[in-house]
Every structure is written in structure tokens, then in C-alpha cells.
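The residues making up each chain are set out below.
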Amino acid sequence: NAGVTQTPKFQVLKTGQSMTLQCAQDMNHNSMYWYRQDPGMGLRLIYYSASEGTTDKGEVPNGYNVSRLNKREFSLRLESAAPSQTSVYFCAIRPLTAYEQYFGPGTRLTVT
Amino acid sequence: AQSVAQPEDQVNVAEGNPLTVKCTYSVSGNPYLFWYVQYPNRGLQFLLKYITGDNLVKGSYGFEAEFNKSQTSFHLKKPSALVSDSALYFCAVSELYSGSARQLTFGSGTQLTVLP
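In order, the protein sequence lines correspond to chains A and B. In terms of the working numbering, the first sequence opens at residue -1 and continues consecutively. In terms of the working numbering, the second sequence opens at residue 153 and continues consecutively.
Be careful, since some hints might not be right.
Here are the simulated DSS-like cross-link-like pairs (lysine-lysine), alpha carbons at most 30 Å apart as the crow flies [what the hints assert, rightly or not]:
#, chain 1, residue 1, chain 2, residue 2
1, B, Lys174, B, Lys210
2, B, Lys229, B, Lys210
3, A, Lys55, A, Lys7
4, B, Lys201, A, Lys69
5, B, Lys201, B, Lys221
6, B, Lys201, A, Lys55
7, A, Lys55, A, Lys12
8, A, Lys7, B, Lys201
9, A, Lys69, A, Lys7
These aren't lab readings, by the way, just hints derived from the structure by calculation. All values reported here derive from a predicted model rather than from experimental measurement.
So here's chain B without its partners, still in its complex pose (with noise of 0.2 Å):
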């Protein structure tokens, strides 16, 4: 069974501040990994994901993402973080089930607050 964790509930940083966000995942094959960003009252948006080829996958509005096989984890980046990167962000793990169905599992989310 596939399943992911993120470990911190909140993370906070700085305006101007690079930010990480954290996540690791379980798998018994090769993973499919996502990260997806909720804005207040909306519903999920796609950023990024890793699928196979270089660990380091970049994403929309500047965010990335490094893929580490041995620490099974793909941590969310952004060199300079924004006050409307603000959001609800989390990790998703797929693999292959009968057919092309590819589940998602979703990590508990980590609420990222940028300070002014």
C-alpha cells in the first residue's frame, strides 16, 4: 500500500526567505510523486511532479521539488517565498493499479504562512 507524510502541520518563514516544505512517501514500486497547492475556499492546484529522469523537478510560480530515492522523500522548495505562497500545500504518491486508474494518496497537508 502507498501512503505519504508530511510531518509539520504549519511552516512559517519570512518574506524573502527560501522556504521547504516537507514530505516523505512509501511505495512498493517506483513512485509517482505531486505536490498541489489550496488557496482558502478553492480547490486543488497542480504544481509539480516527478515521475522519473532528474530529481530536481520545477514547477509553476516558481516552486521545485527534489526527488531523494534512498531518504524516500520529495521536499517542496522555493528560493524567495512570497506573501501569496501563503496556501495549503500537499504531497500526493500514485502507482499503477488494475488498468490506467492511478490513485492519488494525499499526504495531511502542511499550511504555509509567509510573514511580511
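Next up, chain A with everything else stripped away, as it sits in the complex (with noise of 0.2 Å):
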């Protein structure tokens, strides 16, 4: 998985309970994503940062927050989890000289 590390694998949430989705990468590069995958619809955008200490909103943010206080590390936060955020989540990065993105193995999230 291109040396993207998720942590955990498998969750199962309350509605109303909080909980970060951890990523990790081993390359040192500077853009990271975050995208959710639903059962045809794709991969949607939630966030993504260009570089450390930066974020910007994709198409599906609302609801989570992120934080980049590293190069190494991107996390994903639900503060108030809902059952519409079931979902996997997938943590993504880009080489600088590279156009695709290359994915870690995903966090298969349900919200009861």
C-alpha cells in the first residue's frame, strides 16, 4: 500500500461517539487525502493538505475535522459520529513529481 499505514481497521461507533482515524505515511510527501467510499458512488473527497500545517475541504467535509501537524501524519476526526458516516475511509498520498495518488488499505468504519 505504498507505504501508507491506517490505523485502526475496523471500528464500530455509537451515534454520538467520537473517535480519529489515523494515517501514516513512510515516504515523506507532501500532499495527503482523505476520501470516504460508498457503495456506488465512488471515492468522494472529505479533506486533504497540500503540505504540513495545511488543510482544505473537499467535496464531503462536513461532519470531520483533520489535523496535519506533521509531515508523516494525516488524521481524520469524527467529533459526533452519525450512522450516514458508515462508510471505509481511505488516506491517500502524492509524490511531488508524481500525478496519481497511492493509497493505504482503509478504516472500515459503521455507525450503529
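Once you've looked at the hints, go ahead and assemble the two chains, each given alone in its own frame, into the complex.
What follows is the structure, encoded as C-alpha cells:
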């Protein structure tokens, strides 16, 4: 998975609970991304970070916050989980000289 | 705004036959186009890309894709399908936004099943 690790692999939350999904890379790339994957909808961008300390909203940011405190890690936080946030979450990185992105193994989140 | 359409949710093909997975796109400038494959319970794997140059691009595992600017299409092809090619395939497009973020917009995916 191109040096991208995600934790946890699986998580079940109750409505209203909070949690943080972790993403880490070992390749020192600037650009990192968070996507969610839902059946029949492909992947949709939640947030991205072009460099350490900067973040920007993607297509579906509502209900999420992110943090890029250092170059290696990009975390996604759900402050108050809702059933609509049941999804598979993928982190991705993009090397500076590349156009393509490389994805982590994903976190499967269920909110009941 | 950029967008991608994969008109077929499901494609079935017999092993040994050629396969095509269709993709059309819409962008305001020059497109950067990509194909990814996803096996069950796995992340997305990069297959190939078109940035500029030759309209026929070759990628991993014997896959290739043909860029057609007039038809705004980027169809994925393989001359002889394998059962192991059965997976979910995503087309994606990118444009340069602010800085170098290069956001990807994905299609909804096409499930390819290769029948033995």
C-alpha cells in the first residue's frame, strides 16, 4: 500500500461517539488526502493537505475535521458520529513529482 | 468542475476474450486521467495514467487505455482477460487546483467479472 498505513482497520461506533482515524506515511510526501467510499458512489474527497500545517475541504467535509501536525501524519476526526458516516475511509498520498495518488488499506467504520 | 462517468455498473466477459471498461470525463482544461483497481477488502491500486503524449497508454498487469479527446473518453482495455482480473475498476480525472493539490474525482466504479 505504497508506504501508507491506516489505523484502525475496523471500528464500530454508536451515534454521537467520537473517534480519530489515523493515517501515516513513510515516504516524506507533501500531499495527503482523505476519501470515503460508499457503494455506487466511488470515492469522494473529504479533506486534503498540500503540505504540513495546511488543510483544505474537499467535496464532503461536513461532520469531519482533520489535522496535519507533521509531514508524516494526517488524521481524520469524527466529533459526533452519525449513521450516515458509515463508510470505508481511505487515506492517500501523492509524491511531488507524480500525478497519481497511492492509497492505504482503508478503515471500515460502522456507526449504529 | 471536473466529473467522470462510468456508464456500466457491471461488465462480464469470458476468460481469454478482450475486455473493455468504459469511462468518459468532463473537465474545463486539459485532463489528467487515471485507472485504479480494487480487489475485495483492499485499497485502490494504481493501474495507469494519461498525462500527455501518445493516446494509447500501457499499464500494469497487461492493461492499457485509449485517450480520445474528441469523445472525451478514456476506456480501459485488455486483449485477453483472466479470471484474476475480476475486481472493481475506477476511472479518475484530475485538474490542477490551487497550489499543487491535484484533487482526483472518481467515477462510481465498474465491477468486472471474468467468467472461466
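Sort out which numbered hints this structure fails and list those numbers smallest first.
-> Going through the list in order, the structure violates no hint and respects every one.
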